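Going down the list, the protein sequences come from chains A and B.
Numbering-wise (our numbering), the first sequence opens with residue 1 and increments by one.
Numbering-wise (our numbering), the second sequence opens with residue 827 and increments by one.
Quick caveat, the hints were computed from the structure, so don't treat them as lab data.
These numbers come from a predicted model, not from an experiment.
It cannot be assumed that every hint is accurate.
To be verified - In silico BS3-like pairs for lysine-lysine, Cα to Cα no more than 30 Å straight-line:
id, chain 1, residue 1, chain 2, residue 2
1, A, Lys681, B, Lys876
2, A, Lys490, B, Lys911
3, A, Lys604, A, Lys617
4, A, Lys330, A, Lys180
5, B, Lys935, A, Lys391
6, A, Lys131, A, Lys235
7, B, Lys876, A, Lys568
8, A, Lys604, B, Lys876
9, A, Lys419, A, Lys367
10, A, Lys461, A, Lys490
11, A, Lys604, A, Lys681
12, A, Lys66, A, Lys180
13, A, Lys391, A, Lys180
14, B, Lys920, A, Lys328
15, B, Lys911, A, Lys66
16, A, Lys180, B, Lys876
17, A, Lys391, A, Lys367
18, A, Lys180, A, Lys235
19, A, Lys66, A, Lys330
20, B, Lys876, A, Lys617
21, B, Lys911, A, Lys494
22, B, Lys920, A, Lys391
23, A, Lys494, A, Lys367
24, A, Lys392, B, Lys935
25, A, Lys494, B, Lys876
26, A, Lys419, A, Lys494
27, B, Lys935, A, Lys568
28, B, Lys935, A, Lys490
29, A, Lys681, A, Lys668
30, A, Lys721, B, Lys935
Claimed, not checked - Chain A stretches covered by chain B per the calculated footprint, using a threshold of three residues with CB under 8 Å from any CB of chain B:
id, segment
31, 181-189
32, 518-530
33, 807-817
The beta carbon of each residue, even a glycine, is placed where N, CA and C say it ideally should be.
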Amino acid sequence: MKHEPLTPGVDTRDHLVVIGNGMAGCRAVEELLARDPHRYRVTIFGAEPHVNYNRIMLSPVLAGEKTFEQIVINDADWYAQNAIELVSGDPVVAIDRAARTVTARSGRVTGYDRLLIATGSDPFIIPVPGKDLPGVIGFRDMKDVDHMLAAAERGGDAVVIGGGLLGLEAAHGLSLRGMKVTVLHIMPTLMERQLDEAAGWLLKSALEARGQTILIGADTAEIVGSDAVEGVRLKDGTLIPASLVVMAVGIRPSVALAREAGLAVGRGIQVDDHMVTSDPAILAVGECVEHDGNVYGLVAPLWDMCRALADGLTDAHSGYRGSVTSTKLKVAGLDVFSAGDFSGGDGAEDIVLRDASRGIYKRVVVKDDRIVGAVLYGDTADGNWYFDLLKKGENVADIRDLLIFGQAFASGGAQADPKSAVAALSDDAEICGCNGVTKGKVFACIDGGAHSLDAVRSGCKASASCGSCTGIVETLLALRLGDEVEAGPKTMCKCTSFGHDDVRREIVAQDMRSIPEVMQKLHWSTPDGCSSCRPALNYYLLCALPGIYKDDQQSRFVNERLHANIQKDGTYSVVPRMWGGLTNPRELRAIADVVEKYDAPMVKVTGGQRLDIFGIKREDLPAVWADLNAAGMVSGHAYGKSLRTVKTCVGSEWCRFGTQDSTGLGVKVERMTWGSWMPHKFKIAVSGCPRNCAEATIKDFGVVCVDSGYELSVGGNGGIKVRATDFLCKVATEEEAMHYCAAFIQLYREEARYLERTAPWIERVGVDYVRARIVDDAAGRDALAERFLFSQRFMQDDPWAARVAGADREQHAPMATFTPKQEVLA
Amino acid sequence: MTGEWLDIGWVDEIPLRGSRTVQVTGGDDIAVFRTGEGAVFALADRCPHKGGRLSQGIVHGGAVACPLHNWRIALATGEALGEDKGCTPTVPVKIDAGRVLICRATALKVAA
Ligand code: SRM
Ligand SMILES: Cc1cc2nc3c(=O)[nH]c(=O)nc-3n(C[C@H](O)[C@H](O)[C@H](O)COP(=O)(O)OP(=O)(O)OC[C@H]3O[C@@H](n4cnc5c(N)ncnc54)[C@H](O)[C@@H]3O)c2cc1C
Ligand code: SF4
Ligand code: FES
Numbered sequence: 001m002k003h004e005p006l007t008p009g010v011d012t013r014d015h016l017v018v019i020g021n022g023m024a025g026c027r028a029v030e031e032l033l034a035r036d037p038h039r040y041r042v043t044i045f046g047a048e049p050h051v052n053y054n055r056i057m058l059s060p061v062l063a064g065e066k067t068f069e070q071i072v073i074n075d076a077d078w079y080a081q082n083a084i085e086l087v088s089g090d091p092v093v094a095i096d097r098a099a100r101t102v103t104a105r106s107g108r109v110t111g112y113d114r115l116l117i118a119t120g121s122d123p124f125i126i127p128v129p130g131k132d133l134p135g136v137i138g139f140r141d142m143k144d145v146d147h148m149l150a151a152a153e154r155g156g157d158a159v160v161i162g163g164g165l166l167g168l169e170a171a172h173g174l175s176l177r178g179m180k181v182t183v184l185h186i187m188p189t190l191m192e193r194q195l196d197e198a199a200g201w202l203l204k205s206a207l208e209a210r211g212q213t214i215l216i217g218a219d220t221a222e223i224v225g226s227d228a229v230e231g232v233r234l235k236d237g238t239l240i241p242a243s244l245v246v247m248a249v250g251i252r253p254s255v256a257l258a259r260e261a262g263l264a265v266g267r268g269i270q271v272d273d274h275m276v277t278s279d280p281a282i283l284a285v286g287e288c289v290e291h292d293g294n295v296y297g298l299v300a301p302l303w304d305m306c307r308a309l310a311d312g313l314t315d316a317h318s319g320y321r322g323s324v325t326s327t328k329l330k331v332a333g334l335d336v337f338s339a340g341d342f343s344g345g346d347g348a349e350d351i352v353l354r355d356a357s358r359g360i361y362k363r364v365v366v367k368d369d370r371i372v373g374a375v376l377y378g379d380t381a382d383g384n385w386y387f388d389l390l391k392k393g394e395n396v397a398d399i400r401d402l403l404i405f406g407q408a409f410a411s412g413g414a415q416a417d418p419k420s421a422v423a424a425l426s427d428d429a430e431i432c433g434c435n436g437v438t439k440g441k442v443f444a445c446i447d448g449g450a451h452s453l454d455a456v457r458s459g460c461k462a463s464a465s466c467g468s469c470t471g472i473v474e475t476l477l478a479l480r481l482g483d484e485v486e487a488g489p490k491t492m493c494k495c496t497s498f499g500h501d502d503v504r505r506e507i508v509a510q511d512m513r514s515i516p517e518v519m520q521k522l523h524w525s526t527p528d529g530c531s532s533c534r535p536a537l538n539y540y541l542l543c544a545l546p547g548i549y550k551d552d553q554q555s556r557f558v559n560e561r562l563h564a565n566i567q568k569d570g571t572y573s574v575v576p577r578m579w580g581g582l583t584n585p586r587e588l589r590a591i592a593d594v595v596e597k598y599d600a601p602m603v604k605v606t607g608g609q610r611l612d613i614f615g616i617k618r619e620d621l622p623a624v625w626a627d628l629n630a631a632g633m634v635s636g637h638a639y640g641k642s643l644r645t646v647k648t649c650v651g652s653e654w655c656r657f658g659t660q661d662s663t664g665l666g667v668k669v670e671r672m673t674w675g676s677w678m679p680h681k682f683k684i685a686v687s688g689c690p691r692n693c694a695e696a697t698i699k700d701f702g703v704v705c706v707d708s709g710y711e712l713s714v715g716g717n718g719g720i721k722v723r724a725t726d727f728l729c730k731v732a733t734e735e736e737a738m739h740y741c742a743a744f745i746q747l748y749r750e751e752a753r754y755l756e757r758t759a760p761w762i763e764r765v766g767v768d769y770v771r772a773r774i775v776d777d778a779a780g781r782d783a784l785a786e787r788f789l790f791s792q793r794f795m796q797d798d799p800w801a802a803r804v805a806g807a808d809r810e811q812h813a814p815m816a817t818f819t820p821k822q823e824v825l826a
Numbered sequence: 827m828t829g830e831w832l833d834i835g836w837v838d839e840i841p842l843r844g845s846r847t848v849q850v851t852g853g854d855d856i857a858v859f860r861t862g863e864g865a866v867f868a869l870a871d872r873c874p875h876k877g878g879r880l881s882q883g884i885v886h887g888g889a890v891a892c893p894l895h896n897w898r899i900a901l902a903t904g905e906a907l908g909e910d911k912g913c914t915p916t917v918p919v920k921i922d923a924g925r926v927l928i929c930r931a932t933a934l935k936v937a938a
């Protein structure tokens with residue numbers, strides 16, 4: 001046998017040459033040595049001037065938690081003891097497959113019998129102006145870390161482009177080293193490939209609390225600077241100063257060598273199950289390869305690949321079959337874990353646990369009784385357990401109900417029945433962490449007459465803040481009262497145990513600012529809500545935070561997203577505003593032109609005193625609006641939970657019975673109130689005399705003019721269940737009428753439930769309550785009106801004009817157009 | 827790309843929890859959805875109920891609520907959820923280096 005190690009030069013064993021002294025290359029050699037230490041003569045080329053180190057620990061090195069020496073995997077002795085020749089700092093620049101040689105940059109030519117390519121990946125540098133300026137770097141190797149440490153030494157501002165795993169670890173390290181860090185992330189959620197929206201939001205808040213600035217949806221336009229980096233300019237024009245820019249937007253498999261050598265290369269170097277490339281003498285492993293259409297960017301798959309590779313090299317072929325991966329973020333104090341597929345879909349069920357007071361979010365996705373994905377934030381202790389169940393495809397039907405509580409609970413004996421577990425709690429056991437309520441106090445409250453969840457919430461505050469103990473409180477009610485538990489008011493939807501009023505109260509009390517925040521703090525049981533709660537939350541936030549909250553388009557019903565009414569055939573109708581029902585030749589001409597130009601099949605006078613143009617295509621909406629805008633018309637919001645029309649009659653200007661200028665007042669009122677978002681649609685009318693031609697007494701807010709002033713009434717509506725208005729009060733002047741109108745609208749905006757029109761709202765709270773707030777409480781009325789007018793400052797931009805100027809263009813245009821040859825579709 | 831798959835654009839052109847359409851000349855549109863977790867699905871833009879444009883609905887979890895009468899349709903299978911019965915044809919999708927590809931043959935069949 002020719003396997004004894006001999007002195008180099010006369011070694012006759014097959015020569016294995018490895019390109020890449022990184023994690024996969026060296027691991028492959030370790031696996032090979034473990035199987036047969038003498039079979040191959042090994043030479044490793046490394047571009048970096050180092051021995052083999054643990055690349056994933058570069059983050060702790062940057063953060064100052066480790067030194068380079070501590071992350072070395074194989075030191076110089078290892079190479080010596082195993083007679084491996086290490087050629088470091090000298091990258092291979094060419095492969096000659098015919099001659100079976102590699103050439104290094106130094107000119108050195110080395111022959112091989114088997115060649116292993118393990119060149120890893122290169123950071124992707126986004127092709128923006130300034131990308132080559134000194135101070136712009138990737139985050140891949142020790143040289144990059146040295147660069148960052150030197151920059152941090154000088155202090156100042158750093159920008160990290162990319163809010164994925166790598167970018168956040170870089171940002172964390174740099175901010176620990178004293179730099180002021182801004183992270184730019186183009187997507188709406190951090191680490192969107194690993195985390196869902198809820199976990200992404202938690203992560204963002206935690207990083208912001210640590211002093212980092214995180215800009216989401218931030219699109220880099222250029223890197224500015226003359227001799228070195230001075231800042232980053234975003235597409236929206238914002239300039240962020242920086243003396244260091246770290247690009248961490250992704251990696252690209254390093255395949256140039258293989259491609260030049262003519263090997264089959266797709267996204268990576270293509271290999272079979274034994275890591276053999278299209279040339280049987282050449283193998284490849286690690287991030288540079290593409291196996292079965294997949295490329296990987298984490299180490300776990302590399303370990304599997306290296307095992308298959310070493311088996312193949314020692315003629316014990318086993319084969320690599322692809323990997324499922326999991327991710328953990330290595331930022332001290334922030335525990336984030338994700339694994340598998342959590343995109344839901346076909347038959348997948350979400351089990352969600354949220355614990356707002358401890359900042360925990362856990363989500364396990366189960367499909368056909370098997371775990372297919374998991375996202376954990378704040379408590380990742382069970383990550384490996386879930387991952388293990390996932391990889392093994394274990395049936396979890398038996399432990400499903402307790403799965404989310406983790407391994408200890410799901411496999412624990414006595415606690416497995418939640419009811420007996422709750423019954424066994426002592427009277428001092430704290431049930432509600434938010435409000436410090438014990439089991440004894442909850443029982444006392446129930447005994448005192450609180451026979452529903454809602455009554456317990458208002459009686460002793462248990463479950464009133466974040467709701468995570470709702471299940472336990474319900475169990476306590478059942479234990480104490482059996483069948484006598486009363487159902488509480490309806491919850492908002494199936495995603496939450498809270499009703500609308502509770503959610504609104506807590507949004508304000510806890511100063512919540514986004515939909516994911518509400519869902520986390522109030523323990524939503526679904527990851528991103530449903531089509532009932534999303535629009536409601538969006539409205540509640542918009543109402544609570546005028547000018548601050550950024551409207552979420554994806555939480556709006558199509559009509560409000562497209563600012564037009566969808567019709568049964570998928571086209572839209574367009575209703576421009578006609579102030580108080582007045583129009584003029586210019587507007588009429590513009591409407592006529594639009595009807596002709598866009599071939600609208602119908603135009604009709606609506607029941608709200610304006611014109612409705614039917615049959616407009618989604619693509620044509622912005623052009624139609626541009627034409628209407630040009631004639632001075634804006635959106636009529638015929639599509640919105642918002643102010644619709646202000647109907648008027650001719651009034652004192654023309655009518656022989658008119659007592660006041662009802663048309664003029666109607667126009668003024670519409671100018672004041674248009675654009676406002678409301679719980680439901682809102683209609684106003686002003687009639688010039690008690691004959692009431694404008695039907696003011698079936699509107700949400702109606703004014704009937706009389707000789708001595710203006711009679712105001714509220715809560716009317718037509719529709720299926722006609723309700724005439726309740727009289728509110730009589731005022732003497734137009735200014736007062738407007739002021740009361742503003743105050744009333746704001747009270748409705750702040751207190752009604754989403755999709756509750758003024759009529760059912762007033763039936764619920766009583767007209768006396770409304771009178772007390774609007775008529776009797778002068779200071780309260782002023783404050784309401786003032787809040788309304790403040791909020792209107794942010795609402796009265798014509799949404800049509802914004803679209804005409806190019807906002808949300810993608811809402812109107814198809815993503816692609818496909819024109820098959822005529823015969824194919826026929 | 828081979829003729830089997832149609833390259834329709836970048837993944838991030840589809841808003842998260844939103845959708846875009848692919849116009850098929852002479853046929854119905856195809857709706858392409860992206861869930862909150864970034865999974866992409868393509869379906870005929872036609873509700874099994876009365877043909878509503880699913881692309882205009884609210885996307886939540888792995889489903890979309892039809893804008894016309896609020897049926898919920900599972901994105902992965904096209905099946906109506908809950909009490910409602912019906913199914914919208916789906917189109918196979920794959921993502922390659924950030925590009926969205928849909929199956930050409932199915933797209934044709936679904937649009938016709
Ligand atoms: C266009 C119009 C009919 C017309 O051609 O006259 C109309 C059309 C629709 N109405 Fe109406 N309503 C129209 C005036 C009215 C009126 C009359 C009025 O405003 O004086 C009423 C009775 C008054 C009232 O609202 O109290 C009216 C009571 C309703 C109702 C019942 C509301 C209720 O609270 O009971 C609905 C259903 C709903 O909103 O849930 C409704 C819903 C609808 C919807 C939005 C149905 C829908 O969800 O798609 C229709 C949209 C058609 C479209 O795409 O444009 N429409 N609707 C009128 C538009 C007025 C405008 O200029 O904006
Ligand atoms: C900061 C950071 C943190 C990370 N954290 C994690 C984590 O927490 N979990 C996880 O699973 N993964 C993590 N990763 C990813 C992980 O490090 C990689 O998946 C792994 O290193 C890939 O191994 P590889 O051998 O394919 O590539 P590498 O480790 O990059 O090795 C390739 C080597 O080849 C060399 N080379 C390239 N071309 C040539 C040439 N022509 N000649 C000679 N040498 C060449 C390169 O210089 C490099 O040293 C992290 C990566 C980084 C950068
Ligand atoms: S009355 Fe009925 S059919 Fe007529 S517009 Fe109103 S909702 Fe449509
Ligand atoms: S058409 Fe979709 S629900 Fe009726």
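Do the hints match the structure? See the list:
At roughly 26 Å between alpha-carbon atoms, Lys681 (chain A) and Lys876 (chain B) fall within 30 Å of each other, so this suggested pair holds. As the CA atoms of Lys490 (chain A) and Lys911 (chain B) are separated by approximately 27 Å, the hinted pair is consistent with the 30 Å bound. A distance of roughly 17 Å separates the Cα atoms of Lys604 (chain A) and Lys617 (chain A); the hinted pair therefore holds under the 30 Å criterion. Among the hinted pairs, Lys330 (chain A) with Lys180 (chain A) is consistent with the structure: their alpha-carbon atoms are about 20 Å apart, no more than 30 Å.
Taken as a hint, the Lys935 (chain B) and Lys391 (chain A) pair is broken in the structure, with Cα atoms around 37 Å apart against an allowance of 30 Å. Distance hint between Lys131 (chain A) and Lys235 (chain A) is fulfilled; the C-alpha atoms sit about 15 Å from each other, no more than 30 Å. In summary, the hint linking Lys876 (chain B) to Lys568 (chain A) is supported, as the alpha carbons are separated by about 8 Å, within the 30 Å threshold. The suggested pairing of Lys604 (chain A) with Lys876 (chain B) holds, with an alpha-carbon distance near 25 Å, which does not exceed 30 Å.
For the given pair, Lys419 (chain A) sits about 27 Å from Lys367 (chain A) by alpha-carbon distance, which is consistent with the 30 Å threshold. A C-alpha spacing of about 18 Å is found between Lys461 (chain A) and Lys490 (chain A), which places the hinted pair at or below 30 Å, so the restraint holds. Pair hint Lys604 (chain A) plus Lys681 (chain A) holds up; C-alpha atoms about 21 Å apart against a cutoff of 30 Å. Taken as a hint, the Lys66 (chain A) and Lys180 (chain A) pair is honoured in the structure, with Cα atoms around 22 Å apart against an allowance of 30 Å.
In summary, the hint linking Lys391 (chain A) to Lys180 (chain A) is not supported, as the alpha carbons are separated by about 41 Å, beyond the 30 Å threshold. Distance check on the hinted pair: Lys920 (chain B) and Lys328 (chain A) sit about 26 Å apart at the alpha-carbon level, within 30 Å; holds. Taking the CA atoms of Lys911 (chain B) and Lys66 (chain A), the gap is about 59 Å. The hint is violated against a cut of 30 Å. As the CA atoms of Lys180 (chain A) and Lys876 (chain B) are separated by approximately 55 Å, the hinted pair breaks the 30 Å bound.
In summary, the hint linking Lys391 (chain A) to Lys367 (chain A) is supported, as the alpha carbons are separated by about 13 Å, within the 30 Å threshold. For the suggested pair Lys180 (chain A) and Lys235 (chain A), the alpha carbons sit about 22 Å apart, so the restraint of at most 30 Å is met. Pair hint Lys66 (chain A) plus Lys330 (chain A) holds up; C-alpha atoms about 13 Å apart against a cutoff of 30 Å. In summary, the hint linking Lys876 (chain B) to Lys617 (chain A) is supported, as the alpha carbons are separated by about 19 Å, within the 30 Å threshold.
Pair hint Lys911 (chain B) plus Lys494 (chain A) holds up; C-alpha atoms about 21 Å apart against a cutoff of 30 Å. For a cut-off of 30 Å, the pair hint linking Lys920 (chain B) to Lys391 (chain A) stands: about 23 Å separates their Cα positions. With a C-alpha separation of about 20 Å, the suggested pair Lys494 (chain A) and Lys367 (chain A) falls inside the 30 Å cut-off, and the hint holds. A threshold of 30 Å between alpha carbons decides the hint, and for Lys392 (chain A) with Lys935 (chain B) the separation of about 38 Å lies outside it, so the pair is violated.
Distance hint between Lys494 (chain A) and Lys876 (chain B) is fulfilled; the C-alpha atoms sit about 26 Å from each other, no more than 30 Å. Restraint check: the Cα-Cα separation between Lys419 (chain A) and Lys494 (chain A) comes to about 22 Å, which is no more than 30 Å; the hinted pair holds. A C-alpha spacing of about 23 Å is found between Lys935 (chain B) and Lys568 (chain A), which places the hinted pair at or below 30 Å, so the restraint holds. Of the pairs offered as hints, the one joining Lys935 (chain B) and Lys490 (chain A) is violated, with about 45 Å between alpha carbons and a cut-off of 30 Å exceeded.
For the proposed pair Lys681 (chain A) and Lys668 (chain A), the alpha carbon gap of about 19 Å is at most 30 Å, so the pair holds. A C-alpha spacing of about 46 Å is found between Lys721 (chain A) and Lys935 (chain B), which places the hinted pair above 30 Å, so the restraint is violated. Remark: the segment 181-189 of chain A is confirmed as covered by chain B, as 4 of its residues place a Cβ nearer than 8 Å to a Cβ of that chain, reaching the required three. Coverage of the segment 518-530 of chain A by chain B holds in this model, with 5 residues showing a Cβ closer than 8 Å to a Cβ of that chain against a need of three.
Evaluation of the coverage hint for the segment 807-817 of chain A: fulfilled, as 5 residues show C-beta separations to chain B shorter than 8 Å, against a requirement of three.
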